[in-house]
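Taking the hints into account, I'd like the entire structure generated from these sequences.
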Amino acid sequence: YAEKDGMTLICVVMNTQSPNQFIDTVNLFDYAFDNFQVLNVSENDTDYSAEATVDNGNLNNIAPFVELDKDAVIVLPKTAEFSDTSSSVEYNDSDPEIAGSITYTYAGRNVGKADIKTTGVVVEGYAFDNESTEEEEQEAVSTVQVRPIVVVLLIGAVILLGVLLFFLKRFYDNYYIIKHNRAVRRDRKDQKRRIRKKRRRRRRWR
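Position one of the sequence shown corresponds to residue 76 (my numbering), numbered consecutively onward.
Hints may contain errors.
What the hints assert, rightly or not - Mimicking SDA-like on lysine to any residue, the simulated pairs with C-alpha atoms at most 20 Å apart in a straight line are:
no., residue 1, residue 2
1, Lys79, Asn115
2, Lys145, Tyr166
3, Lys188, Ala147
4, Lys188, Ser169
5, Lys188, Asn167
If you are wondering where the hints come from, they were derived from the structure by calculation, not from laboratory data. All values reported here derive from a predicted model rather than from experimental measurement.
Okay, structure coming up:
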């Protein structure tokens with residue numbers, strides 16, 4: 076491997092005879108170092124890099140919640156600039172220290188990646204914010220007072236509704252059984268009537 080101007084390269088040559096492998100390796104290293112460059116992402120990216128502090132008026136200066144990985148780099152041809160790259164953001168919710176990552180491409184090829192790291196900044200509240208919060212909580216507690224009679228009536232209504240639904244379900248489930256039983260009773264009554272009529276006819280013929 077070889078290192079120059081912050082770029083570390085590893086070269087592998089195949090199907091070469093000694094000492095040609097050394098010559099091919101040097102030529103490849105020279106070509107890469109002469110034609111490609113390493114650019115630091117946090118120093119060149121102006122779309123995603125956060126300012127050192129965020130001005131919040133006269134109240135406070137708040138440090139950014141996230142920042143780009145300061146060690147992340149991309150590799151570009153020396154004829155290209157950082158602004159020539161395209162980027163896409165992928166958000167991450169599995170690691171609390173990494174909010175996401177930015178992937179950079181040039182001419183349709185992946186040239187590097189940078190993590191978006193959380194800084195762990197905690198914003199402190201103000202005294203008047205705490206006072207307003209306490210007042211709101213007291214107002215909320217005072218407005219949620221319910222009379223016991225209302226609670227009893229609500230419970231009774233829920234129980235009555237449950238009983239009504241229970242009987243309606245039972246009636247619905249047994250509707251066809253009741254209908255069948257009525258039909259059977261009617262058939263039995265009709266059969267009894269027919270038998271009585273036959274008996275009366277026989278008695279007359281006698």
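Now for the hints, and whether the structure bears them out:
A distance of roughly 15 Å separates the Cα atoms of Lys79 and Asn115; the hinted pair therefore holds under the 20 Å criterion. At roughly 18 Å between alpha-carbon atoms, Lys145 and Tyr166 fall within 20 Å of each other, so this suggested pair holds. A C-alpha spacing of about 7 Å is found between Lys188 and Ala147, which places the hinted pair at or below 20 Å, so the restraint holds. Distance restraint check for Lys188 and Ser169: the Cα-Cα separation of roughly 18 Å lies within the 20 Å cut-off, and the hinted pair is therefore satisfied.
Of the pairs offered as hints, the one joining Lys188 and Asn167 holds, with about 14 Å between alpha carbons and a cut-off of 20 Å not exceeded.
The structure agrees with every numbered hint stated previously.
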